[in-house]
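Protein sequences appear in the order of chains L and Y.
FYI, full-length UniProt numbering numbers position 115 of the first sequence as 115, with every residue one higher than the one before it.
FYI, full-length UniProt numbering numbers position 96 of the second sequence as 96, with every residue one higher than the one before it.
Just so you know, the hints here were simulated from the structure itself, not pulled from any lab data.
Incorrect hints may appear among the rest.
Anything over 12 Å on all C-beta distances counts as not near chain Y; from chain L, calculated [said to hold, decoys possible]:
#1 Arg49
#2 Gly60
#3 Glu76
#4 Gly82
#5 Tyr83
#6 Leu124
#7 Glu130
#8 Ala152
#9 Ile172
#10 Leu177
#11 Asn225
#12 Ile265
#13 Lys279
Cβ pair distances, simulated, as ranges [claimed, not checked]:
#14 Y:Asp106 <-> L:Pro171: 26 to 32 Å
#15 Y:Gln224 <-> L:Glu186: 43 to 49 Å
#16 L:Val109 <-> Y:Arg225: 27 to 33 Å
Beta carbons: idealized from backbone N, C-alpha and C, even for Gly.
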Amino acid sequence: MSGFIEFQNVAKVYNGSKVAVENVDLSFEKGEFICFIGTSGSGKTTLMRMINRMNTPTSGKVMVDNQDVANLNPVELRRRIGYVIQSIGLMPHMTIRENITLVQRLLKVDEATREQTANKMIDLVELPREMLDRYPFELSGGQQQRIGVVRALAADQDIILMDEPFGALDPITREALQDLIKNLQEKLGKTVVFVTHDMDEALKLASQLVVMSHGHVVQADTPENVLRHPANEFVEELIGEERLLQSKPDNTTVGEIMIPSAVTIHSDRSLSDAITMMKERRVDSLIVTNNDGILQGIVDIQNLNRMRSKASSVGDIMVDVPFVHETDYLKHTLQKILNLGLKVVPVVDKTQHVVGLLTRSSLVDLVYDTIWGTDMNADAADDAGALGSTAMKEV
Amino acid sequence: MQAFISEYGSQILEKSGQHLYISAIALVLGILVAVPAGIALTRADKMASPIINVVSALQTIPSLALLTLMLPIFGIGRTPAIIALFIYSLLPILRNTYLGMSNVNDEYRDVAKGMGMSNVQSILQVELPIALPTIMAGIHLSAIYVISWATLASYIGAGGLGDLIFSGLYNYQPDLIFAGTIPVTIIALIVDFLLTKLEQKMTPKAFILEEKQQSSQIEQEEAQRRER
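Let the sequences and hints guide you as you build the complete structure.
Next comes the structure, spelled out in structure tokens:
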């Protein structure tokens with residue numbers, strides 16, 4: 001077995017005795033989002049910086065794409081790997097454009113291509129193009145870190161290393177940037193190695209989690225498995241009791257609790273077909289698909305009744321409907337479904353084919369079970385209480 | 001006055017030329033040696049403080065003493081004068097280059113390296129531009145020192161405006177003293193002005209803008225305070 005990024009029995013020892021990392025054997029596939037998490041001094045940054053040879057192991061090998069990095073020219077290697085640090089490190093004397101295209105300039109990419117890249121990258125992080133001519137000091141911290149992130153993507157590197165990139169930002173900006181990087185990583189298929197000490201951040205972003213302590217890898221697994229089966233007390237402590245409890249509903253996917261037999265109808269069928277199907281199956285709404293089974297919309301008895309004289313086919317009267325993916329975590333979708341007050345939510349797979357549906361009643365058990373649910377009930381009770389008291393005053 | 005200028009005018013011009021020549025050569029040599037040396041010191045941090053101490057010690061030798069020390073080695077004339085002035089020009093440039101370069105935040109060096117810059121690229125494209133204002137200040141200071149000390153070079157036969165000043169002093173001719181001191185002052189002022197312009201030109205645009213923004217912010221804050 002050989003991964004895209006691999007650590008083979010890696011150790012780093014300073015001055016012959018001080019151990020920074022030891023006995024590290026890890027292997028990651030291409031396209032993974034890898035989070036190294038641990039307390040400070042656990043060796044997580046040291047390990048990350050070995051990938052682009054900013055650090056060299058005293059023993060063992062680091063392989064990238066089946067090549068031992070020790071045999072590669074460090075300068076050329078680093079140009080192939082994106083690099084983002086906590087303090088951002090935009091060059092203060094260069095414009096944003098020059099900063100974004102820095103690596104491309106080193107690679108001697110022609111100017112027209114560089115200009116294209118600069119425009120593409122600034123669009124990617126949704127900042128105005130005029131900003132390309134500004135200098136870093138003219139941008140806010142959040143804007144600077146956005147530029148820091150796309151600077152690491154600009155030369156189309158396959159691997160991005162990020163060392164606590166969002167540590168110094170306020171929570172709202174941090175969350176926005178986490179969404180951004182996760183999104184970009186999935187969209188562009190990059191392999192990201194991300195160092196953090198924030199468990200929330202790691203759980204949110206990682207597809208592979210590496211828990212480190214005192215220079216040793218304590219556990220390396222998917223976030224779900226780390227949550228379900230923490231390797232030892234240290235990991236449990238790092239995760240925190242609250243998250244361990246929460247992790248039960250957290251790990252339930254939509255696919256696990258959906259009703260797998262959705263009643264669907266093709267959009268070119270007639271309204272009478274639709275009402276017959278409703279009567280036969282004892283339902284009040286139908287999910288509309290095209291001939292390939294791809295979700296189009298929804299019809300319910302109400303709009304069917306209202307529109308029956310004006311339209312002939314189901315496609316004419318169907319309405320758009322919010323949907324969820326079967327692999328989504330309930331944690332993310334539950335709140336949305338409840339807030340929107342939807343009665344039925346179609347569940348689709350990656351290719352938008354309808355595979356099932358969620359109803360409000362299928363959520364009841366879950367809400368009842370989870371701590372999260374009781375919290376919400378408590379909130380609701382508070383609200384009711386508040387309403388009650390104002391009502392009394394009015395009387 | 002007119003008679004004086006017709007008698008000494010060409011001499012003043014000639015001596016000014018010599019003066020500028022000596023100073024310029026000494027300064028250029030100083031820059032060529034001290035800037036690379038200062039950069040090299042940032043790459044060999046352990047060497048930095050002993051070397052800067054040695055250069056500082058050289059600076060404390062009285063200028064006349066240093067000039068006379070040159071005599072047994074290089075004889076009289078321009079060469080020993082240029083070498084002595086060159087030694088004096090070293091310290092401010094070396095110290096400012098070293099300081100400027102080591103004050104460049106480590107994060108920039110780290111990012112430059114991490115993004116795939118070679119050592120030379122990191123120096124030329126990142127560290128030097130950021131350190132340039134400090135380095136230029138050192139060169140500026142050296143230039144003014146060298147111009148004023150070059151008057152003493154006349155003692156060891158190097159020529160320059162010192163010739164006029166000293167012959168004025170020996171012969172009790174105050175007008176000759178002025179004929180030397182006034183051009184030296186003018187040269188120093190002009191060089192000072194030109195170097196200030198050059199400094200502004202070489203400072204990265206971002207730093208000038210940032211400074212402007214900061215000073216306008218301070219002004220605004222002060223204006224607000226006054227209103228209250």
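Q) Are there hints from earlier that the structure breaks, and if so, what are their numbers? A) Violated hints (numbers, rising): 1, 3, 4, 5, 8, 16; every other hint is consistent with the structure.
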